[in-house]
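Assemble the whole structure, with the sequences as input and the hints as a guide.
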Amino acid sequence: MKFDDPFIFAQEPWPDNVKLYQPYEVEQILLPDNASCLAVQAFLKMCNLPFEVEMRWNAEFMSPSGRVPFIKCGAFVVSELEPIVQFAANKGVTLCAQLSTEEKAEMRAYMSLITNVLVNAELYISWLDNDTYNAVTRVRNSSVYPWPLGWLQTRQKRNAVAKRLKALHWHEKSLDQVLADVEQCCNSLSQRLGDKDFFFGTTPTELDALIFGHVFTIITTRLPCRRLAETVRRHETLVSLAKRIDERYFKRP
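Per the working numbering, the sequence shown runs over residues -15 to 237.
Hint data in this document are derived by calculation from the structure and do not stem from the laboratory. Treat the numbers as computed from the prediction; the structure is a model and nothing was measured. It is possible that some hints are incorrect.
Claimed, not checked - Below, computed lysine-lysine pairings styled on BS3-like, alpha-carbon distance capped at 25 Å:
no. : residue 1 : residue 2
1   : K3        : K75
2   : K88       : K3
3   : K235      : K29
4   : K88       : K75
5   : K56       : K75
6   : K180      : K235
7   : K180      : K29
8   : K29       : K3
9   : K29       : K88
10  : K29       : K75
11  : K29       : K227
12  : K180      : K147
13  : K157      : K147
14  : K180      : K141
15  : K235      : K3
As the list claims (entries may be wrong) - With beta-carbon atoms standing in for the labels, derived distance ranges:
no. : residue 1 : residue 2 : range
16  : A146      : R92       : 26 to 32 Å
17  : E86       : V128      : 43 to 49 Å
18  : T78       : P132      : 45 to 51 Å
19  : E86       : L136      : 20 to 26 Å
20  : E66       : A151      : 19 to 25 Å
21  : P132      : N171      : 42 to 48 Å
Positions of the beta carbon are idealized from the N, C-alpha and C atoms, including for glycine.
Spelled out as structure tokens, the structure:
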């Protein structure tokens, strides 16, 4: 059952057997999807909601929106961060109960900024930068398919991403213009964060989870084009936030 009505079963508790589906991390997942999956994992961990990661080569085709990650919670299948945040809120679990109406509107505005800049930059680097596409994206995306299906599916996906970026007027941007947008976005986020532990004080919200997913993935993913990571690394407050969340919620060995 897809998640359509936000009020259905609002009082039912979060079950213990929730599955989070995403592509294979080692050989398949790409920069934009990895960032999205990490953001959702961070949000669920911040909420102390139990879940188990299930990796599937066809996760995006299993998703109701065609995007990853998605969760299966009882009879419901919910994909992407904001619908999952809403789904949790309808079960009485939220990270922003303490925020005012104005702060919630500000949080949503910053989340839109991240989607409109960092996500598009990740797509641009992954699919339109030829060095990254040939050395990383093409290889990883086609790795789970037999020849020639892998070649066909990768070509189709590259065309779909190009179409999306054209509609958003990103396709015609130069790499320098893309990085300038990223720099401006990171400046705005850094100024809002300041010297606080999290964007709205001492406890995290879904904005912190979203920032973590993208910043941590960008600075830890090795790509032929290093300029995106170099641009983000210059913003020490954002890097520190990502490291703080990683240490607190992921406890990596």
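Evaluation of the provided hints:
1. K3 <-> K75: 17 Å, holds
2. K88 <-> K3: 28 Å, violated
3. K235 <-> K29: OK: K235 and K29 at ~11 Å, within 25 Å.
4. K88 <-> K75: This hinted pair holds, its Cα atoms lying about 19 Å apart.
5. K56 <-> K75: 15 Å, holds
6. K180 <-> K235: Holds. K180 to K235 sits at ~21 Å (cutoff 25 Å).
7. K180 <-> K29: Holds - the C-alpha atoms of K29 and K180 are around 20 Å apart, at most 25 Å.
8. K29 <-> K3: Cα-Cα ~13 Å, so holds.
9. K29 <-> K88: This hinted pair holds, its Cα atoms lying about 21 Å apart.
10. K29 <-> K75: 16 Å, holds
11. K29 <-> K227: 15 Å, holds
12. K180 <-> K147: Outside the cut-off at roughly 39 Å; violated.
13. K157 <-> K147: Holds - the C-alpha atoms of K147 and K157 are around 14 Å apart, at most 25 Å.
14. K180 <-> K141: 40 Å, violated
15. K235 <-> K3: 20 Å, holds
16. A146 <-> R92: 26 to 32 Å: 28 Å, holds
17. E86 <-> V128: 43 to 49 Å: 45 Å, holds
18. T78 <-> P132: 45 to 51 Å: With Cβ atoms ~47 Å apart, the hint holds.
19. E86 <-> L136: 20 to 26 Å: 49 Å, violated
20. E66 <-> A151: 19 to 25 Å: Holds - the Cβ-Cβ distance for E66 and A151, about 20 Å, lies within 19 to 25 Å.
21. P132 <-> N171: 42 to 48 Å: 45 Å, holds
Checked against the numbered hints above, the structure breaks hints 2, 12, 14, 19 and satisfies the rest.
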